[in-house]
Amino acid sequence: MSLDSKIPKGDLADKWTNYKSKMPLVAPNNKRRLEVIVVGTGLAGASAAATLGELGYKVKAFTFHDSPRRAHSIAAQGGINAAKNYQNDGDSTYRLFYDTIKGGDYRSREANVHRLAEVSTDIIDQCVAQGVPFARDYGGNLDNRSFGGVQVSRTFYAKGQTGQQLLIGAYQALSRQISLGNVTMYNRHEMMDMVKVDGKARGIIARNLLTGELERHAAHCVILATGGYGNVFYLSTNAMGCNVSAAWRSVRKGALMANPCFTQIHPTCIPVSGDYQSKLTLMSESLRNDGRIWVPKSKEDAKAIREKRKKGVDIAEGDRDYYLERRYPAFGNLVPRDVASRAAKVACDDGNGVAPTGLGVFLDFASAIQRYGKSDAHSKGLDENNQKLVTELGTKVIEAKYGNLFEMYEKITGEDPYTNPMKIYPAVHYTMGGLWVDYNLQTNIEGLFALGECNFSDHGANRLGASALMQGLADGYFVIPYTVGTFLAEEIRTPAFSPDTKEFKTAEAEVRARLESLVGNKGTKSVESFHKRLGLIMWDHCGMARTAEGLKKGREMIRALKKEFYAEVFVPGTQDEFNPELEKAARVADLMEHGELMMVDALDRDESCGGHFREEYTTPEGEALRRDEEYTYVSAWEWDDNNPVLHKEDLVFENVELKTRSYK
Amino acid sequence: MKLKLKVWRQQNNKDKGGFQTYDVVAEEHMSFLEMMDVLNESLIAKQETPVAFEHDCREGICGSCNMVINGRPHGPNSGTTTCQLHMRFFKDGDTIVVEPWRSRAFPVIKDLVVNRSSFDRIIQAGGYISVNTGGTPDGNSIPIEKDVAGEAMDAATCIGCGACVAACPNGSAMLFTAAKVSHLALMPQGKVESNRRAKNMVATMDKEGFGMCSNIGACEAECPKEISIDHIARLNREYVGSVFGGA
Ligand SMILES: Cc1cc2nc3c(=O)[nH]c(=O)nc-3n(C[C@H](O)[C@H](O)[C@H](O)COP(=O)(O)OP(=O)(O)OC[C@H]3O[C@@H](n4cnc5c(N)ncnc54)[C@H](O)[C@@H]3O)c2cc1C
Ligand code: SF4
Ligand code: FES
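Protein sequences appear in the order of chains Z and W.
Each residue of the first sequence is one higher than the last, beginning at 1 in the numbering used here.
Each residue of the second sequence is one higher than the last, beginning at 665 in the numbering used here.
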């Protein structure tokens, strides 16, 4: 199979403009006859469904949630990037493009990333028009902050709830289209399979989660915006419901899964506290703007802290190792996520960790409180040497900036982060891998598109902070409304599809059989117990540091687990009722197969790049060693139960020179 | 810690439902939902049906979780969702009563899971700004005062959980509706259609079977996002504007 990325010809900066001016158009009267299914109504799906509805297509949107407003996107905290250059600090489309390519460790496609940077500014305008209450400065203009891996301030935010506000904006736009009758919304409906007719994606089998009823839905094309698969690790910052099934079912029907092993481990999360734990909580990266990361220099101090004989504040300034500032003086605490995470792992592996489990480092705001307090006292004409006053004023500034995050930390840990440094540790957060798509966001199956976190397209081997929201909304508001037209313009003579053909009936029967076998299984072990074990295997063998040997072993372990699952899992209830355990069982089954593919992919990639760190491939200083000669390609996998087949899309860099990433 | 849980079990909307008592051993570091996970794992081990409850983000933002704990929506702590409640606020030997939201407009689906689609329909009635994708002016073309944007943000933090309805003796959805009307009316972009918006959203609220607001204030007290009841006053102003302003 040859992979055609369909990148338009011409100069990088002109590709998208030329594409838009030359693409075939679908006339309004034809749009009304063309049906589009959108699965997933997070940022990517809700923005796509709303916009396609506005354009006049007949849209059906699906979510397993009880409302589009619950999608995992709601949890994003820190912000969204855009090359507005409102701060006049030298930002530009090219710089955002360059930062994203470099941040992704040169494993993403130039043309897609440039388009993303181009439309980023439109996203902000769109969201403001929708009423998204972004943070503002005293002049009433939009405020910005900076995020890891870059040296400009281009991140727009709404307190620590940016994802919530952007999702509510998209949800409101979608609600408007629902009320106008342009979009039919199917809440609590889970896509169980994708249906192909004559090689093209023409519909889905959905399960009504309230009744268990299986439904056949046909359309001219199918758009997946079903999010990421971080939950393959069981413990992650993702919402409990995040899963890979919609993408994975498509893979089983021939779609290719690209770079599945590229996973982002986020450096600033609340450490694990016990084995009952169900999820991990992110502390937004924006905290690294003001927080300093450190561990004690001596192992004795670290031990004393772990055993609660000492506190962070008891360690004298000179006895602290601000290891990011020491190792990466140019970027300091604002190095990209993969670099910060690995550095934390190294510090803890060396025995300097501070959480009771040994896996935790400090994120300290004391210096920031002093700095802000002094400046505030100065501007108010108060005594800058009054320690108490300065601390009070500084605490207020920090509270205004990060209050809700500090509160969240306190609620979970019971510790006050204003007076004692936070404890943090890396956790699985985001998946750069996903369905392989071309420039049109179309998979290798005609008529099947993938948007947002569920595709692989823009972040390479590591995503920069505040870029997932940007990508989801770029895909949904500004890319798919054009590119889907390129496909649909050829379909204007195709009549509406019937969901009563044999293709649909066969697919439905297969789904029913799969679910019946799960509820009919006479096992004794809970779905949850398998999910936990899968997570441990993934974390140990395909986590922050990987080796060929570990990956081979991990793959075998997953295969054994899968066997055990089908023999011994117990799923209560029946298929034809509201049955959350059954939903979970079907999702965990797919996560296991996908996890196996991640191991296969990580084993193939004999290099370290971005979030993929192979211990065999490091520089003498312990940094990741990329091998551009051999591995400047996208790995697109065709699934097979025993021997998945690798297809390579070579990455061609015409505008950026491949360099060793350095943040020193 | 050893706990006794009295949990509402209800097979479906037609079933009458009733309390079941369970013993659970929990740790104080657990969240309330992790304690419920422990209960469910023990039921599954006995091949019994686990308690159905709604949850997703487990960090207080998606609005999925919805338990009435010892008579209070989202439990004893203010400004806290069910998923953010930790077991360290309970003690060994406690009996804890767990129920679903109870409201005519939120029919029970199973056990602790209720149907809150009526909230979606209130938003569909006008909880948006009528703008299409594309062709919008530059984000900085209309400056908005920092404090105004902040107030709009406070209203916009509503997570659509429905605790306000569950807390209200009349089962009114005024706080939820007012939060949206207020968020959009405060922004210059949203001001234009604010009278019409208020009118249509309130009409849908009535149609969905939510009760009248009689200014009791229980909604504000139980709202996990501490949405202020002042927004209801703003909604009333917008609503009156829609009736007398002829919009
Ligand atoms: C805690 C946290 C904080 C974050 N903070 C930031 C940040 O500050 N900035 C940033 O840029 N990014 C951030 N991210 C990343 C970002 O939030 C996500 O990558 C992004 O929101 C994903 O959006 P999406 O639309 O692709 O998918 P999602 O929001 O996950 O939506 C998926 C949708 O698909 C539906 N779905 C899935 N499977 C099915 C199925 N089989 N059938 C029917 N429906 C289905 C779901 O119901 C849902 O509607 C953060 C992530 C986390 C975990
Ligand atoms: S107003 Fe408060 S209680 Fe009511 S839905 Fe919104 S967040 Fe929940
Ligand atoms: S589970 Fe999301 S708010 Fe509680």
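Worth flagging that the hints you see were computed from the coordinates, not collected in a lab.
Heads up, the beta-carbon is just placed ideally off N, CA and C, and yes, glycines get one too.
Careful, some of the hints might be misleading.
[Said to hold, decoys possible] Here are the in silico distance ranges between beta carbons for each label pair:
#1 W:P801 x Z:R559: 55 to 65 Å
#2 W:T713 x Z:L180: 54 to 64 Å
#3 W:N741 x Z:G199: 34 to 44 Å
#4 W:G798 x Z:D576: 42 to 52 Å
#5 Z:S92 x W:T713: 56 to 66 Å
#6 Z:S92 x W:N834: 53 to 63 Å
#7 Z:E399 x W:P852: 43 to 53 Å
#8 Z:A316 x W:N900: 36 to 46 Å
#9 Z:D137 x W:G799: 21 to 31 Å
#10 W:D758 x Z:V272: 56 to 66 Å
#11 Z:G403 x W:P852: 52 to 62 Å
#12 Z:V272 x W:G735: 47 to 57 Å
#13 Z:E392 x W:V812: 40 to 50 Å
[Claimed, not checked] Under 10 Å between C-beta atoms, here's a sample of chain W residues computed to sit facing chain Z:
#14 A690
#15 R785
#16 V795
#17 E872
#18 M876
[Stated by the list, open to error] With a straight-line cut-off of 16 Å between C-alpha atoms, the simulated EDC-like cross-links for lysine to aspartate or glutamate are:
#19 Z:K297 x Z:E213
#20 Z:K522 x W:E692
#21 Z:K411 x W:E692
#22 Z:K411 x W:D701
#23 Z:K532 x W:E698
#24 W:K710 x Z:E528
#25 Z:K584 x W:E692
> Does the Cβ-Cβ separation between P801 (chain W) and R559 (chain Z) fall within 55 to 65 Å?
Replying inline: 56 Å, holds
> Quick one: are A316 (chain Z) and N900 (chain W) within 36 to 46 Å, going by C-beta?
Replying inline: 59 Å, violated
>> Does E213 (chain Z) sit within 16 Å of K297 (chain Z), going by the straight-line distance between their CA atoms?
In response: 60 Å, violated
> So the hint says 52 to 62 Å: do the beta-carbon atoms of G403 (chain Z) and P852 (chain W) match that?
Replying inline: Distance hint for G403 (chain Z), P852 (chain W) is violated at roughly 26 Å.
> Holds or violated: E872 (chain W) as interface residue toward chain Z, Cβ cutoff 10 Å?
Replying inline: 14 Å, violated
>> I want to verify a distance hint. Is the separation of the beta carbons of D758 (chain W) and V272 (chain Z) within 56 to 66 Å?
In response: Cβ of D758 (chain W) to Cβ of V272 (chain Z): about 26 Å, so the range 56 to 66 Å is violated.
>> Does the beta carbon distance between V272 (chain Z) and G735 (chain W) stay inside 47 to 57 Å, or does it fall outside?
In response: Violated, since V272 (chain Z) and G735 (chain W) (Cβ atoms, about 33 Å apart) do not stay within the stated range.
>> Given a hint of 40 to 50 Å, does the C-beta separation of E392 (chain Z) and V812 (chain W) actually sit inside it?
In response: Given range 40 to 50 Å: violated, Cβ gap about 27 Å.
> Per the CB criterion, is A690 (chain W) less than 10 Å away from chain Z?
Replying inline: Nearest chain Z Cβ about 9 Å off; hint holds.
>> Between the beta carbons of S92 (chain Z) and N834 (chain W), is the distance compatible with 53 to 63 Å?
In response: Holds, since S92 (chain Z) and N834 (chain W) (Cβ atoms, about 56 Å apart) stay within the stated range.
>> Interface hint check: R785 (chain W), Cβ to nearest Cβ on chain Z, cutoff 10 Å. Holds or violated?
In response: Hint on R785 (chain W): holds, closest Cβ of chain Z at ~9 Å, below 10 Å.
>> Range first: 54 to 64 Å. Now tell me if the beta carbons of T713 (chain W) and L180 (chain Z) are that far apart.
In response: 41 Å, violated
Checked against the numbered hints given earlier, the structure breaks hints 2, 3, 7, 8, 10, 11, 12, 13, 17, 18, 19, 20, 22 and 25 and satisfies all the rest.
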